[in-house]
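Chemist: One-letter residues, chain by chain:
Number of protein chains: 2
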Amino acid sequence: MRIEFWLEFGSTYSYPAAMRIESLAAEKGVAIVWRAFLLGAIFNDQGWNDSPFNIYPSKGAYMWRDMERVCAAQGIPFQRPSVFPRNGLLASRIVCRYADAAWLPDFIRRVYQANFAEDRDISSREVILDCLGSAGESATNIIQEAESAENKLLLRKQTDIARQKGLFGAPSFLVGDELFWGNDRLEDAINWAATPAT
Amino acid sequence: MRIEFWLEFGSTYSYPAAMRIESLAAEKGVAIVWRAFLLGAIFNDQGWNDSPFNIYPSKGAYMWRDMERVCAAQGIPFQRPSVFPRNGLLASRIVCRYADAAWLPDFIRRVYQANFAEDRDISSREVILDCLGSAGESATNIIQEAESAENKLLLRKQTDIARQKGLFGAPSFLVGDELFWGNDRLEDAINWAATPAT
Numbered sequence: 001m002r003i004e005f006w007l008e009f010g011s012t013y014s015y016p017a018a019m020r021i022e023s024l025a026a027e028k029g030v031a032i033v034w035r036a037f038l039l040g041a042i043f044n045d046q047g048w049n050d051s052p053f054n055i056y057p058s059k060g061a062y063m064w065r066d067m068e069r070v071c072a073a074q075g076i077p078f079q080r081p082s083v084f085p086r087n088g089l090l091a092s093r094i095v096c097r098y099a100d101a102a103w104l105p106d107f108i109r110r111v112y113q114a115n116f117a118e119d120r121d122i123s124s125r126e127v128i129l130d131c132l133g134s135a136g137e138s139a140t141n142i143i144q145e146a147e148s149a150e151n152k153l154l155l156r157k158q159t160d161i162a163r164q165k166g167l168f169g170a171p172s173f174l175v176g177d178e179l180f181w182g183n184d185r186l187e188d189a190i191n192w193a194a195t196p197a198t
Numbered sequence: 001m002r003i004e005f006w007l008e009f010g011s012t013y014s015y016p017a018a019m020r021i022e023s024l025a026a027e028k029g030v031a032i033v034w035r036a037f038l039l040g041a042i043f044n045d046q047g048w049n050d051s052p053f054n055i056y057p058s059k060g061a062y063m064w065r066d067m068e069r070v071c072a073a074q075g076i077p078f079q080r081p082s083v084f085p086r087n088g089l090l091a092s093r094i095v096c097r098y099a100d101a102a103w104l105p106d107f108i109r110r111v112y113q114a115n116f117a118e119d120r121d122i123s124s125r126e127v128i129l130d131c132l133g134s135a136g137e138s139a140t141n142i143i144q145e146a147e148s149a150e151n152k153l154l155l156r157k158q159t160d161i162a163r164q165k166g167l168f169g170a171p172s173f174l175v176g177d178e179l180f181w182g183n184d185r186l187e188d189a190i191n192w193a194a195t196p197a198t
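Chains as they are written, first to last, in our numbering: chain A, 1 to 198; chain B, 1 to 198.
No lab work stands behind these hints: they were computed from the structure.
Every residue gets a Cβ at the ideal spot worked out from N, C-alpha and C, and that includes glycine.
Some hints here could point you the wrong way.
[As the list claims (entries may be wrong)] Keeping only pairs whose Cα atoms sit at most 30 Å apart, straight-line, the calculated BS3-like set for lysine-lysine is:
no.: 1; chain 1: A; residue 1: K59; chain 2: B; residue 2: K165
no.: 2; chain 1: A; residue 1: K59; chain 2: B; residue 2: K28
no.: 3; chain 1: A; residue 1: K59; chain 2: B; residue 2: K157
no.: 4; chain 1: B; residue 1: K165; chain 2: B; residue 2: K59
no.: 5; chain 1: A; residue 1: K157; chain 2: B; residue 2: K157
no.: 6; chain 1: B; residue 1: K165; chain 2: B; residue 2: K152
no.: 7; chain 1: A; residue 1: K152; chain 2: A; residue 2: K165
no.: 8; chain 1: B; residue 1: K59; chain 2: A; residue 2: K59
no.: 9; chain 1: A; residue 1: K152; chain 2: A; residue 2: K28
no.: 10; chain 1: A; residue 1: K152; chain 2: B; residue 2: K59
no.: 11; chain 1: A; residue 1: K165; chain 2: A; residue 2: K28
no.: 12; chain 1: B; residue 1: K59; chain 2: A; residue 2: K165
no.: 13; chain 1: A; residue 1: K157; chain 2: B; residue 2: K28
no.: 14; chain 1: B; residue 1: K152; chain 2: B; residue 2: K28
no.: 15; chain 1: B; residue 1: K152; chain 2: A; residue 2: K28
[What the hints assert, rightly or not] Non-contacting residues of chain A with respect to chain B, defined by C-beta distances greater than 10 Å in every case (computed):
no.: 16; residue: A31
no.: 17; residue: Y56
no.: 18; residue: Q158
no.: 19; residue: A197
[As the list claims (entries may be wrong)] Each pair of labels, with its calculated beta carbon distance range:
no.: 20; chain 1: B; residue 1: R65; chain 2: A; residue 2: V33; range: 12 to 22 Å
no.: 21; chain 1: A; residue 1: S82; chain 2: B; residue 2: W103; range: 49 to 59 Å
no.: 22; chain 1: A; residue 1: M1; chain 2: B; residue 2: S148; range: 55 to 65 Å
no.: 23; chain 1: B; residue 1: D160; chain 2: A; residue 2: Q144; range: 52 to 62 Å
Chain A with its partners taken away, still in its complex shape:
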């Protein structure tokens, strides 16, 4: 079976998940479907106009310390972004438009690294061009396609699907209708996808 990775580029714990999902899925022969959605819109439904890590200071202070530990254990660099949460709208539109492109996983990892390892502004076109450039495509053309009215609508529709599927945070993983929330549940989700349905 396949695993859907529902991702939001502003989300801290999505970074370690994005950096390891491919090797974990490959080990179990599970295919990955990349799904971008707008977590901010779902937070708005819950009455939040900011990340809960900013709204609830103890939770935020804990998360930043925990991210240091999680990334150290995983052996990936981490730098607390000077702006949080960063706006990943353009990057999400690219994921939405090019969900099946061979270069997409590489692009996704580069955007997360830019945000959480290099403290770069992923809302800027220059940084996104840079992340795309390394993916080896006509980057300006990709951005133009991603910003078409049709694709903008597609991302909003995908966010509606996320709502309907019961998503409330990121990263989230769907295996059929079975929902797993959080980097800590990535292994469980992949095992669920790898186990034949009874």
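Chain A is fixed; fit chain B onto it per the hints.
Modeler: What follows is chain B alone, placed relative to chain A:
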């Protein structure tokens, strides 16, 4: 080093943590310090007058399904309580007053089982007497001591300490000043306690 288990009897994920902390800690030679606190008071600080699992329905729906999976994987029975969250004030006062009693871990497990495996009302004196009875002490005397003005104040002070230490949910684990939140972090916390400080 020792691990402090900060517990709240209404908290769902504290149940699987309470059921396995002793064997995990014993394997690593780590001593457990039992600390009750009033999570409701801390939720109040955050503007919540109920569990966030009730305030945010998607999060709640997910948690109940996740609890089924987590308890099944751990091999412990689980039944969704017909009242949530249940009031664990009396049980917490007992933990606070008898933190060092030899029968305490057994009592704690029985209260969690009553709430999350047997759907019994842990706010009732009868259920708590039952949980204590099995612990083999003079149960009515224990309750009387736990409800002394002095001990009620002690639990409020312990909740203030929880606030100062940055706790915002349960279960939480403290190893020195290092905070770990959630059943998913129990192994990490125990390993932290087992590793000599450098």
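Chemist: B:D160 and A:Q144, beta-carbon distance inside 52 to 62 Å?
Modeler: Since the Cβ atoms of B:D160 and A:Q144 sit about 57 Å apart, the hinted range of 52 to 62 Å holds.
Chemist: For the pair supplied as a hint, B:K152 and A:K28, is the alpha-carbon distance within the 30 Å limit?
Modeler: violated (53 Å)
Chemist: Take a quick look at whether A:K152 and B:K59 sit within 30 Å of each other, Cα to Cα.
Modeler: Given that 30 Å is the threshold and the Cα spacing comes to 27 Å, the pair holds.
Chemist: According to the definition I'm using, a residue is off the interface if its beta carbon is farther than 10 Å from all beta carbons of the partner; does A:Y56 meet that for chain B?
Modeler: violated (6 Å)
Chemist: Quick check: does the Cβ-Cβ distance between A:S82 and B:W103 fall within 49 to 59 Å?
Modeler: Given a distance of about 52 Å, which is inside 49 to 59 Å, the answer is holds.
Chemist: Quickly compare the C-alpha distance for A:K165 and A:K28 to 30 Å and report which way the hint goes.
Modeler: With a Cα-Cα distance of about 25 Å, the restraint between A:K165 and A:K28 holds, given a limit of 30 Å.
Chemist: Please work out if A:K59 and B:K28 have their alpha carbons no farther apart than 30 Å.
Modeler: holds (29 Å)
Chemist: Honestly, do B:R65 and A:V33 meet the 12 to 22 Å range at C-beta?
Modeler: holds (21 Å)
Chemist: Checking the smallest CB distance to chain B, is A:A31 really beyond 10 Å?
Modeler: holds (22 Å)
Chemist: Is the hinted pair A:K157 and B:K157 satisfied, with a Cα-Cα distance of at most 30 Å?
Modeler: With Cα atoms ~49 Å apart, A:K157 and B:K157 exceed 30 Å; violated.
Chemist: Starting from A:K152, check that the Cα of A:K165 is at most 30 Å away, please.
Modeler: holds (20 Å)
Chemist: Holds or violated: A:K59 with B:K157, Cα cutoff 30 Å?
Modeler: Holds, at about 21 Å.
Going through the hint list in order, the structure does not satisfy hints 5, 9, 13, 14, 15, 17.
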